[in-house]
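If you want the building blocks of each chain, they are given just below.
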Amino acid sequence: MDTAPKAASPAGGPHAPSRKAMRLAIAGSGLLLVIAFAAFYWATSLASRRKAAEAGDAVAVTVTDSACEPMDLTVPAGRTTFAITNRSNRAMEWEILDGVMVVEERENIAPGITQTIAARLAAGTYDITCGLLSNPRGKLHVTPAQAADAEPAAPALLAFIGPLAEYQVQLLTHAGDFAKATSALAQAVQADDLERARALYGTARLSYARLAPAADLFADLDTRLDARADDFGGREQDPLFKGLHRVEYGLFAQNTTAGLRAPAEALAADAHELDQRMATLPLQPDRMVSGAARLMHRAAGLEAMGGAEKYAHSDLADIQAEADAVLGIANLLRPLAQKASPGLPARIDADGAALSALLAAQRDGAGFPSFETVAADQRAAIAAALTTLGDDMDTLGAALGLTTAGRSAP
Amino acid sequence: MKRSIFMLATALSLTLGAAGAQAAVSPLDLVAPIAQYKVYVTKELDAFVAATKDFTDAVKAGDLAKAKALYAASRAHYERIEPIAELFSDLDGAIDSRADDHAKKEKDPTFTGYHRIEYGLFVTNSTDGLAPFADKLMTDVNDLQARVKGLTFPPEKVVGGAAALLEEVAATKISGEEDRYSHTDLMDFQANIDGAQEVYTLFKPLLAKDAKNEAFLKKVDANFASVDAILVKYKTADGFESYDKLSKKDRKALAGPVNTLAEDLSKMRGLLGLK
Numbered sequence: 030m031d032t033a034p035k036a037a038s039p040a041g042g043p044h045a046p047s048r049k050a051m052r053l054a055i056a057g058s059g060l061l062l063v064i065a066f067a068a069f070y071w072a073t074s075l076a077s078r079r080k081a082a083e084a085g086d087a088v089a090v091t092v093t094d095s096a097c098e099p100m101d102l103t104v105p106a107g108r109t110t111f112a113i114t115n116r117s118n119r120a121m122e123w124e125i126l127d128g129v130m131v132v133e134e135r136e137n138i139a140p141g142i143t144q145t146i147a148a149r150l151a152a153g154t155y156d157i158t159c160g161l162l163s164n165p166r167g168k169l170h171v172t173p174a175q176a177a178d179a180e181p182a183a184p185a186l187l188a189f190i191g192p193l194a195e196y197q198v199q200l201l202t203h204a205g206d207f208a209k210a211t212s213a214l215a216q217a218v219q220a221d222d223l224e225r226a227r228a229l230y231g232t233a234r235l236s237y238a239r240l241a242p243a244a245d246l247f248a249d250l251d252t253r254l255d256a257r258a259d260d261f262g263g264r265e266q267d268p269l270f271k272g273l274h275r276v277e278y279g280l281f282a283q284n285t286t287a288g289l290r291a292p293a294e295a296l297a298a299d300a301h302e303l304d305q306r307m308a309t310l311p312l313q314p315d316r317m318v319s320g321a322a323r324l325m326h327r328a329a330g331l332e333a334m335g336g337a338e339k340y341a342h343s344d345l346a347d348i349q350a351e352a353d354a355v356l357g358i359a360n361l362l363r364p365l366a367q368k369a370s371p372g373l374p375a376r377i378d379a380d381g382a383a384l385s386a387l388l389a390a391q392r393d394g395a396g397f398p399s400f401e402t403v404a405a406d407q408r409a410a411i412a413a414a415l416t417t418l419g420d421d422m423d424t425l426g427a428a429l430g431l432t433t434a435g436r437s438a439p
Numbered sequence: 067m068k069r070s071i072f073m074l075a076t077a078l079s080l081t082l083g084a085a086g087a088q089a090a091v092s093p094l095d096l097v098a099p100i101a102q103y104k105v106y107v108t109k110e111l112d113a114f115v116a117a118t119k120d121f122t123d124a125v126k127a128g129d130l131a132k133a134k135a136l137y138a139a140s141r142a143h144y145e146r147i148e149p150i151a152e153l154f155s156d157l158d159g160a161i162d163s164r165a166d167d168h169a170k171k172e173k174d175p176t177f178t179g180y181h182r183i184e185y186g187l188f189v190t191n192s193t194d195g196l197a198p199f200a201d202k203l204m205t206d207v208n209d210l211q212a213r214v215k216g217l218t219f220p221p222e223k224v225v226g227g228a229a230a231l232l233e234e235v236a237a238t239k240i241s242g243e244e245d246r247y248s249h250t251d252l253m254d255f256q257a258n259i260d261g262a263q264e265v266y267t268l269f270k271p272l273l274a275k276d277a278k279n280e281a282f283l284k285k286v287d288a289n290f291a292s293v294d295a296i297l298v299k300y301k302t303a304d305g306f307e308s309y310d311k312l313s314k315k316d317r318k319a320l321a322g323p324v325n326t327l328a329e330d331l332s333k334m335r336g337l338l339g340l341k
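Sequence lines, in order, name chains A and B.
Mapping of the first sequence onto this note's numbering: residues 30 to 439, in sequence order.
Mapping of the second sequence onto this note's numbering: residues 67 to 341, in sequence order.
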C-alpha cells in the first residue's frame with residue numbers, strides 16, 4: 030500500500046474522544062485484528078495447500094537430448110499439472126499439441142531445471158514435443174474423466190468469448206466493406222454513371238446481407254438503411270422512404286440516377302456510422318443465435334411473398350449471402366455445439382448445403398438470374414429450406430442453453 | 067491506535083478484495099478487446115507478408131546489402147504478434163526456430179526461416195544458396211496469414227500474450243541469443259514490448275473499472291515507460307544499435323523492468339477472470 034496513514038493525533042488533544050468511545054474503539058480494533066488474522070491464515074493455508082497439491086500431483090516428464098521420458102503419458106481429462114525436467118544440454122520449450130496447434134507450452138526451460146505447467150485438457154490424444162524439432166514426439170492420452178464429463182451440457186459464458194470476438198471481427202470487416210461500397214455508390218450516382226451505380230448497389234447489398242443476423246443490435250440504423258417502400262404511407266413517393274431500397278428503386282425501377290444524390294449520400298453516411306459503431310456493438314451469445322434464426326424465418330416469409338428486392342430482383346444472391354452469414358455463425362459455435370448436441374453441426378451443414386444446392390440450380394452461367402424468373406414451386410422450396418435453417422438455429426440456441434426451447438425443436 | 071486500525075482495515079479489505087477480484091469483469095466485456103486485438107494482429111500480418119516479400123525478393127536478387135537492411139524490420143512484425151503466431155507450432159518452427167532447435171545446428175537441413183537466412187547474410191556474408199530458404203519462408207508466411215484469418219483467438223492466449231512476450235524478452239533477448247548473427251536483438255526487443263503493450267492497452271480500460279487495480283495499472287505503466295526510455299537511448303536513424311555494443315551493465319538495466327513487467331502482466335489473466 031502506497032498511501033501512508035496520517036499520524037494519530039495525540040490523546041488528550043482538543044478532539045480527544047471520550048473514554049467510553051476509546052474503549053469501544055479498542056474492543057472493535059481487537060475484533061478486527063482477530064478477523065484479519067483468521068482471514069489471512071485462511072488465505073495463506075488455502076494457497077499453500079493448493080500449491081502442495083499441484084506439485085504433489087504433477088505428472089513428471091523428463092526431456093533428454095533425444096526423447097521424452099516417458100514417451101507415452103495418460104492423464105484424465107480436466108486440469109493436470111506437468112513437471113518438466115530438462116536433462117538435455119540446451120534450453121528447450123515443451124509443448125502440448127493438438128495437431129499443429131499449441132494447446133499449452135512452457136518456453137525456455139534451462140538445462141537441469143524443472144518447470145511446471147498447468148493445462149486444462151479435453152479427452153483426446155495429443156502430441157508432446159521433446160526438445161529438438163527433429164526429435165520424435167511423445168503422445169499424451171487424455172481419458173474422459175468424471176469431472177470433465179460432469180461439465181454441464183450448456184457451455185459457460187466464458188466459452189462464448191472467443192466465438193463472439195471472432196464474430197465481431199467478421200462484422201467489422203463486412204461493415205467496412207459496406208461503408209466502402211456505399212461511398213463508391215454515392216460517387217457513381219454523383220457522376221451519373223448508372224451502370225456502375227447498379228453494380229455497386231449489388232456489392233453494398235451483399236455486404237449488408239452479411240451483417241443482417243446482427244441487425245437487431247443496430248435497429249435504428251437498420252430502419253434507415255433497409256426499410257422497404259411498403260413500410261411508408263406514401264410508398265415509393267413517401268419523402269421518408271430512404272436507404273438501400275430507395276436507391277434500388279431509382280436505379281432499377283426508374284432506370285436513372287436522377288434524384289438519387291441525396292438518398293445515396295445519406296445511405297453512405299449511415300453506413301459510415303454503422304462502421305464506427307461496430308467496434309463497440311454489445312454482442313451476446315443468445316442474440317447472435319436468435320438473430321440468425323430470425324433472419325432465416327424472415328427471409329422465408331419474404332421469398333414466399335415474392336422477394337425482398339422488388340426492383341433489382343437480386344434475391345437469390347442475397348439469400349445466399351444471408352445463409353452464408355448464418356452458417357458462419359453456426360460454424361463459430363461448432364466446437365460448443367458438438368459437445369452440447371453431437372450431430373447438430375452436421376445437420377446444420379447438410380441443411381445449409383441443401384439450400385445452396387437449390388440456389389445453385391437457378392444459376393445461369395454468369396450468376397443468379399432475376400428472382401422473377403424463378404418458378405413458384407422453386408420459390409416455395411427455397412422458402413422451406415430457409416425455414417429449416419431457421420429452425421436449426423433455434424435448436425442450436427436451445428442446445429447451447431441460450432433459449433429455453435427451440436421453435437420447432439424435435 | 068488509529069493507525070493500526072487503518073492498517074488492519076486495509077489488510078482485511080485486501081484479503082476480501084482478492085477473493086472477489088474475479089467478479090469485477092463480466093466475460094462479455096472481454097469480447098471487444100479480443101476482437102480489436104485480432105484486427106491488430108491482422109494488420110501486422112498484412113505488413114509482415116509485404117515486408118517478407120521485399121526481404122525475400124532482395125535475398126533472391128542477390129542484393130546482400132538490401133537484404134541485411136531489411137532483415138530486422140521485417141521480422142519485427144512477427145515478434146509483435148508472437149502470442150498468436152507461435153500457436154502454430156509447425157510454422158513457428160519453420161519461420162522462427164533457432165539453430166539450437168536443430169540437431170546439427172546451422173548445418174541441419176531442417177533449419178529454415180528467418181534465422182537461417184540471417185546466418186547466411188551475416189555470417190557467410192552472402193546470399194548464395196539462400197533462394198530456396200527465401201521461397202520457403204514466403205510460402206510459410208503466407209500460410210500463417212491464411213491460418214490466423216480462420217482462427218478464433220483463444221481469450222486466455224490473448225490476455226496471457228502480454229506476459230508471454232515479456233517472458234520471451236527476459237529469457238532469450240537479454241542474453242542476445244535470438245539474433246546472434248546480426249545482433250539486431252533490440253529491434254525484436256522493441257517489437258515484443260510493443261506487442262505486449264498493445265494487449266495491455268486494449269484491456270486496461272476494463273481493469274481500470276475496478277478501483278482496486280489502480281496501483282497495479284500505475285506500476286505497469288511506469289515500467290513500460292522505463293523500458294521504452296531505456297530503449298530509446300539505443301535508437302538510430304534506421305533502427306537500433308547493434309546489441310553486442312551493450313555492456314553487461316546496460317543489459318542488466320534492461321532486465322530489471324522487463325522482469326517486473328513480465329511478472330506483473332502475468333496477473334492480468336486472473337484479474338480479468340481468465341484463470
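Among these hints, one or two may not hold up.
Derived CB-CB ranges, DEER-like [as the list claims (entries may be wrong)]: (1) B:156 with A:100: 48 to 58 Å; (2) A:86 with B:275: 32 to 42 Å; (3) A:137 with B:314: 12 to 22 Å; (4) A:283 with B:123: 26 to 36 Å.
I should point out that these hints are in silico values taken from the structure, not numbers from a laboratory.
The beta-carbon is built from N, C-alpha and C at its ideal position, and this holds for glycine as well.
Results for each hint:
| no. | hint | in the structure |
| --- | --- | --- |
| 1 | B:156 with A:100: 48 to 58 Å | violated (20 Å) |
| 2 | A:86 with B:275: 32 to 42 Å | holds (36 Å) |
| 3 | A:137 with B:314: 12 to 22 Å | holds (20 Å) |
| 4 | A:283 with B:123: 26 to 36 Å | violated (52 Å) |
Going down the numbered hints, you'll see the structure goes against 1, 4, while the others check out.
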